[in-house]
Amino acid sequence: GEVHVGEARMSISLSTLRRKAEPKPPIAIIYGTHGIGKTTLAVGGADPVVAAIEDGLGQLDAPSWGIKTFAEMMEAIGVLYSEEHDRKTLVVDSLDWLEELVWAETCRQNAWQNMESEGFGKAYVAADKVWRDYLDGIKALRDEKGMTIVQIAHEQIVRFNSPTTEPYDRHTIKLHKRASGLVQEHADIIGFMGYRVSISESRTATQKAGQGTKRGVGGGQRVLHLEERPAFIAKNRFGMPPNIDLPTQAEAWKSPETIWATFAQHLPTATNSGAK
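For the sequence shown, my numbering begins at 2 and goes up steadily by one.
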């Protein structure tokens, strides 16, 4: 029983080493409080098309489809994938409204009355399959059509039970926790849009510094956070700054391209198709 190893054809060799690939456009999630400007930022990307599941566009001028069912969402992705077009950015507005369509589709596929009719959270586990169909679709648009994907979401504040500290509140994406984990895993960028808060302390004449009443004071400065902190979830895979101050002038917010450029200037040049 001799063993001959030298004659086997090797698929791993120095000649097959690969260099770092050019960065692909991002799949991003932008979440934050209602009315802070998430959609304005998103439609500033290059040549956008909006899958409008909720009516969040308002007066914003961008081509859009009104999406009423999960099948329509997948149809929109299919059109962008298989047909010739000039769109470079897909905006999904919003993930929490898409979740309602995912649930309806999950119930339709399984002939369930609603998501609570199955015990032990079984329906939410089944919803993973429907979410994956959507996530595979947007990944194909990014990988094979070179599209930037910007998914908008609202925020919710949840109590976080830390193993090392007292429990504390943090901002997170307004989705069922299973779905939230899935979409976060498939995103290159998670940006939390909030207002800058500074702490003001009022003290009586006999109190020393640090003994007074503290309260948060907001100055109206909008900030996009791109690195996780105890107070919120966030991330980016492009070495972007931990936070970006967004324009303060009201005039700038009438131009989504200006808002997007503030964000996109920090993306690698190969992904920066949205800066104009």
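Read the hints as simulated data drawn from the structure, not as lab findings. Glycine included, C-beta positions come from ideal geometry on N, C-alpha and C. Treat the hints with care, since some could be wrong.
Said to hold, decoys possible - So the derived label-pair ranges between C-beta atoms look like this: (1) R133 to P242: 27 to 33 Å; (2) V159 to G67: 27 to 33 Å; (3) P24 to D137: 51 to 57 Å; (4) S83 to G240: 42 to 48 Å; (5) S83 to P231: 42 to 48 Å; (6) L15 to S163: 43 to 49 Å.
Each hint, compared with the structure:
Our hint of 27 to 33 Å for R133 and P242 holds, since their Cβ atoms are close to 32 Å apart. Hint check: V159 to G67, Cβ distance near 31 Å, so the stated range 27 to 33 Å holds. For the pair P24 and D137, the supplied restraint of 51 to 57 Å is violated, since their beta-carbon distance comes to about 21 Å. One distance hint, 42 to 48 Å for the beta-carbon pair S83 and G240, is violated here, with the actual separation near 34 Å.
S83 and P231 have their C-beta atoms about 44 Å apart, which keeps the hinted 42 to 48 Å range intact. In this structure, L15 and S163 meet the distance hint of 43 to 49 Å, their C-beta atoms being roughly 46 Å apart.
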